[in-house]
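Asker: Chain residues, written in single-letter form:
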Amino acid sequence: MTDMLLEIVDLHVKYGNIEVLHGINLKVTEGEIVTILGANGAGKYTTLLTISGLVRAARGAIYFDKTPLHKLPAHKVVKEGIAQVPEGRRVFGTLTVQENLNLGAFVSRDSARVKRTREWIHHLFPILGERRHQLAGTLSGGEQQMLAIGRALMSEPRILLLDEPSLGLAPLLVKTIFQTLREINQTGVTVLLVEQNARAALKFANRGYVMELGKIVLDDEAQALISNPEVQQAYLGGAA
Amino acid sequence: MEQFLQQLTNGLAVGSIYALIALGYTMVYGVLKLINFAHSELVTLGAYLGLTLLTSLALADRLGPLLGVLLLAVMVMGLIAVVGAMLDRVAYRPLRQSPRLSAVVSALGASIFLQNTIMLIYGARYLNYPHDILPKMTIHMVGIDVPLVRILILCVSILMMGGLFFFIQKTKVGTAIRAAAIDQGAAKLVGIDVNLVVLLVFLVGPALGGAAGLMLGLYYGQINFAMGWSYGLKAFTAAILGGIGNIPGAMLGGLLLGVVEAMGATYISFAWKDAIAFLVLILILIVRPTGLLGERVAEKV
Ligand SMILES: Nc1ncnc2c1ncn2[C@@H]1O[C@H](COP(=O)(O)OP(=O)(O)OP(=O)(O)O)[C@@H](O)[C@H]1O
Ligand SMILES: [Mg+2]
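Top to bottom, those sequences are chains C and D. Just so you know, we're using this note's numbering here: the first sequence kicks off at 403 and counts up by one. Just so you know, we're using this note's numbering here: the second sequence kicks off at 594 and counts up by one.
FYI, nobody ran anything at the bench for these hints, they're computed from the structure. Since the structure is predicted, the reported quantities are computational estimates derived from the model, not experimental observations. Any given hint could turn out to be false.
Which chain C residues stay away from chain D? Per the calculated CB distances, all over 12 Å, these [stated by the list, open to error]:
{"id": "1", "residue": "TYR465"}
{"id": "2", "residue": "GLU501"}
{"id": "3", "residue": "ASN504"}
{"id": "4", "residue": "GLY506"}
{"id": "5", "residue": "GLN581"}
{"id": "6", "residue": "GLU585"}
The calculated lysine to any residue pairs, modelled on SDA-like cross-linking and capped at a C-alpha distance of 25 Å, are [as the list claims (entries may be wrong)]:
{"id": "7", "chain 1": "C", "residue 1": "LYS416", "chain 2": "C", "residue 2": "GLY433"}
{"id": "8", "chain 1": "D", "residue 1": "LYS763", "chain 2": "C", "residue 2": "GLN500"}
{"id": "9", "chain 1": "D", "residue 1": "LYS763", "chain 2": "C", "residue 2": "THR498"}
{"id": "10", "chain 1": "C", "residue 1": "LYS473", "chain 2": "D", "residue 2": "LEU792"}
{"id": "11", "chain 1": "C", "residue 1": "LYS481", "chain 2": "C", "residue 2": "GLY433"}
{"id": "12", "chain 1": "D", "residue 1": "LYS765", "chain 2": "C", "residue 2": "THR498"}
{"id": "13", "chain 1": "C", "residue 1": "LYS478", "chain 2": "D", "residue 2": "VAL749"}
{"id": "14", "chain 1": "C", "residue 1": "LYS429", "chain 2": "C", "residue 2": "GLN588"}
{"id": "15", "chain 1": "C", "residue 1": "LYS478", "chain 2": "D", "residue 2": "VAL766"}
{"id": "16", "chain 1": "D", "residue 1": "LYS765", "chain 2": "C", "residue 2": "GLN588"}
{"id": "17", "chain 1": "D", "residue 1": "LYS729", "chain 2": "D", "residue 2": "VAL749"}
{"id": "18", "chain 1": "C", "residue 1": "LYS478", "chain 2": "D", "residue 2": "ILE875"}
{"id": "19", "chain 1": "D", "residue 1": "LYS626", "chain 2": "C", "residue 2": "THR540"}
{"id": "20", "chain 1": "D", "residue 1": "LYS765", "chain 2": "C", "residue 2": "THR519"}
{"id": "21", "chain 1": "D", "residue 1": "LYS763", "chain 2": "D", "residue 2": "ARG743"}
{"id": "22", "chain 1": "C", "residue 1": "LYS468", "chain 2": "D", "residue 2": "ASP786"}
{"id": "23", "chain 1": "C", "residue 1": "LYS473", "chain 2": "D", "residue 2": "GLN777"}
{"id": "24", "chain 1": "C", "residue 1": "LYS577", "chain 2": "C", "residue 2": "GLU623"}
{"id": "25", "chain 1": "D", "residue 1": "LYS765", "chain 2": "C", "residue 2": "GLY483"}
{"id": "26", "chain 1": "D", "residue 1": "LYS765", "chain 2": "C", "residue 2": "GLY433"}
{"id": "27", "chain 1": "C", "residue 1": "LYS473", "chain 2": "D", "residue 2": "GLY778"}
{"id": "28", "chain 1": "D", "residue 1": "LYS765", "chain 2": "C", "residue 2": "ASN427"}
{"id": "29", "chain 1": "C", "residue 1": "LYS517", "chain 2": "C", "residue 2": "GLY539"}
{"id": "30", "chain 1": "D", "residue 1": "LYS626", "chain 2": "D", "residue 2": "ILE875"}
{"id": "31", "chain 1": "C", "residue 1": "LYS481", "chain 2": "D", "residue 2": "VAL749"}
{"id": "32", "chain 1": "C", "residue 1": "LYS468", "chain 2": "C", "residue 2": "GLY443"}
{"id": "33", "chain 1": "C", "residue 1": "LYS617", "chain 2": "C", "residue 2": "GLN588"}
From the three backbone atoms N, C-alpha and C, an ideal C-beta is built for every residue, glycine too.
Please model the complete structure; the sequences and the hints are all you need to start from.
Answerer: Structure, rendered in structure tokens:
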């Protein structure tokens, strides 16, 4: 009944000679929301970069719906149905909001579909429609985050990878973003979310992985993680 | 007044050639943050290949001057584009992950290598373009007689620049090139094949440079294996003037430099013609290092 969408098997990643991921195993089922928690430098974003093909695996494998991803160059990973909202948003600052969104659909051929997706994104984030001719670099941090999410969605991904979408945003906006992500998930897009904001992430996700120093040390249902004393101690600021 | 208008049209024609060359520098810089020092030699090679093809194929005799020169330009652009792509493959691509300085040194090496190759093949003496290719006629406009070749150069350059501008600003692939110039990692994340973008830049830039070389031959009538040095420097100045990495900037910078230089040579002193470009370069680096249209600070090379 549940279909495995993403499977990471014994993933090792090195930067130069330094190994930062020491054998990660992770599974995401179609339709799920999964979060990766962990302290600074644990290797959370490195995991996302490796899935997207921007960083190569030293050992191990990544399968996406049984297709091996770890051999594909980054631009082909997108075609498989994987989109990323990168660390620091990375919108194209000197291009307009509209151009940024259109680039998100760079791999799509069907312009009618692209138009429909863009309308859907304008519905999710109306500000992106209103500001379509503004340069992306002049948007506020929150608006840039929305644009980064919108741009990723333009390729109509089956899975959306996000690195800390809540970073630097006011609590109210964080809530809105998570609500929108849930709405996106309900349309069938699987979500893999890296977060420092463990409380918000665990409330939002179905399951979670806890990463420490390049290893997965815990994985469980989100509910179970919230009530896990160790997790409370380390990531939720004491008893919840 | 007559002299002013003559110099203005002359400056615009020469400036549009600078602009075409400057585009090659600026496009490569935009995507790779590399000054392709060998670009000036591609311009020289364009001038020489143009001469070779012109004399060996006798295109102008067979097709008439205009069509003949047009076909010649297409051939030269195609050939230089291929040389440009090969240059990237051999001199720059192996160093993509290396420190920036390695690529700069490689660029200088490639420049010297190409210049010497041209000298060995064609010799060190000046060669003359045949005078009788384009009709020697002038066209009467804005109260002066303007040589046909000047008008042709200006029109063809503006056509090519307009085409490039449209391609870069309005098409999907053009937008992808701009995106890759802003952030290669983010470009890959939306599915852009950055290697392909680099290849494209090393085809288009050199093609325009080759066309510029041919125009220099046709305009001045004389070419030399070392000519790339001075035109390269001026075009590089034009690129900085407009804002390196900025495509409309290179066009504007080229035209502006051409006019300033022509005016300076006429009204100040002809002996100072080549110094004017240096002066402009120094001034712009002091007053506005980002160039006229540049938004990014020019990085140290
Ligand atoms: N380009 C790089 N070169 C060398 N080391 C790197 C590079 N990028 C990341 N690292 C190292 O890899 C480790 C994991 O980094 P990563 O960005 O994946 O951590 P993270 O879990 O996302 O941390 P944070 O929560 O602080 O964002 C860190 O020790 C970091 O210093
Ligand atoms: Mg991180």
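Asker: Run every hint past the structure and note whether it holds.
Answerer: Hints versus structure:
1. Residue placement check: C:TYR465 keeps its beta carbon more than 12 Å from all beta carbons of chain D (closest about 20 Å).
2. Separation of C:GLU501 from chain D is inadequate, the least Cβ-Cβ distance of about 6 Å not exceeding the 12 Å criterion.
3. Listed as a non-interface residue, C:ASN504 fails to keep its Cβ farther than 12 Å from every Cβ of chain D; the least gap is roughly 7 Å.
4. Separation of C:GLY506 from chain D is inadequate, the least Cβ-Cβ distance of about 5 Å not exceeding the 12 Å criterion.
5. Non-interface call for C:GLN581 relative to chain D: holds, since the shortest CB-CB distance, roughly 24 Å, exceeds 12 Å.
6. Distance check for C:GLU585 against chain D: the nearest CB is about 22 Å away, which clears 12 Å, and the non-interface claim stands.
7. Under the criterion of a C-alpha separation no larger than 25 Å, the hint pairing C:LYS416 with C:GLY433 is inconsistent with the structure, at around 31 Å.
8. Between the alpha carbons of D:LYS763 and C:GLN500 the distance comes to roughly 12 Å, so the proposed pair stays at or under 25 Å and holds.
9. Between D:LYS763 and C:THR498, the direct Cα distance comes to roughly 12 Å. Compliance with the 25 Å bound is thereby established for this hinted pair.
10. Straight-line distance between C-alpha atoms of C:LYS473 and D:LEU792 comes to about 22 Å, which keeps the hinted pair within the 25 Å bound.
11. Between C:LYS481 and C:GLY433 the alpha-carbon distance is near 19 Å, which keeps this suggested pair within the 25 Å criterion.
12. Distance check on the hinted pair: D:LYS765 and C:THR498 sit about 14 Å apart at the alpha-carbon level, within 25 Å; holds.
13. Our distance criterion of 25 Å between C-alpha atoms is broken by C:LYS478 and D:VAL749, whose separation comes to about 39 Å.
14. For the hint linking C:LYS429 to C:GLN588, the alpha-carbon distance of about 20 Å falls within 25 Å, and the restraint holds.
15. Straight-line distance between C-alpha atoms of C:LYS478 and D:VAL766 comes to about 16 Å, which keeps the hinted pair within the 25 Å bound.
16. For a cut-off of 25 Å, the pair hint linking D:LYS765 to C:GLN588 is broken: about 31 Å separates their Cα positions.
17. With a C-alpha separation of about 18 Å, the suggested pair D:LYS729 and D:VAL749 falls inside the 25 Å cut-off, and the hint holds.
18. A hinted pair counts as satisfied when its Cα atoms are at most 25 Å apart, and C:LYS478 with D:ILE875 does not qualify at roughly 45 Å.
19. Simply put, D:LYS626 and C:THR540 have alpha-carbon atoms about 24 Å apart, close enough for the 25 Å limit, and the pair holds.
20. Restraint check for D:LYS765 and C:THR519: satisfied, since their Cα atoms lie roughly 17 Å apart, inside the 25 Å limit.
21. Taking the CA atoms of D:LYS763 and D:ARG743, the gap is near 30 Å; set against the 25 Å cutoff, the hint is violated.
22. Between the alpha carbons of C:LYS468 and D:ASP786 the distance comes to roughly 23 Å, so the proposed pair stays at or under 25 Å and holds.
23. Distance hint between C:LYS473 and D:GLN777 is fulfilled; the C-alpha atoms sit about 19 Å from each other, no more than 25 Å.
24. A distance of roughly 21 Å separates the Cα atoms of C:LYS577 and C:GLU623; the hinted pair therefore holds under the 25 Å criterion.
25. Only pairs whose Cα atoms come within 25 Å are accepted, and D:LYS765 paired with C:GLY483 is accepted, the gap being roughly 20 Å.
26. At roughly 31 Å between alpha-carbon atoms, D:LYS765 and C:GLY433 are farther apart than 25 Å, so this suggested pair is violated.
27. Only pairs whose Cα atoms come within 25 Å are accepted, and C:LYS473 paired with D:GLY778 is accepted, the gap being roughly 17 Å.
28. Between D:LYS765 and C:ASN427 the CA atoms are separated by roughly 38 Å; this puts the pair beyond 25 Å, and the hint is violated.
29. For the hint pairing C:LYS517 with C:GLY539, the CA-to-CA distance comes to about 23 Å; that is within 25 Å, so the pair holds.
30. Between D:LYS626 and D:ILE875, the direct Cα distance comes to roughly 21 Å. Compliance with the 25 Å bound is thereby established for this hinted pair.
31. In summary, the hint linking C:LYS481 to D:VAL749 is not supported, as the alpha carbons are separated by about 40 Å, beyond the 25 Å threshold.
32. Among the hinted pairs, C:LYS468 with C:GLY443 is inconsistent with the structure: their alpha-carbon atoms are about 29 Å apart, more than 25 Å.
33. Between C:LYS617 and C:GLN588 the CA atoms are separated by roughly 30 Å; this puts the pair beyond 25 Å, and the hint is violated.
Violated hints for the displayed structure, listed by number in ascending order: 2, 3, 4, 7, 13, 16, 18, 21, 26, 28, 31, 32, 33.
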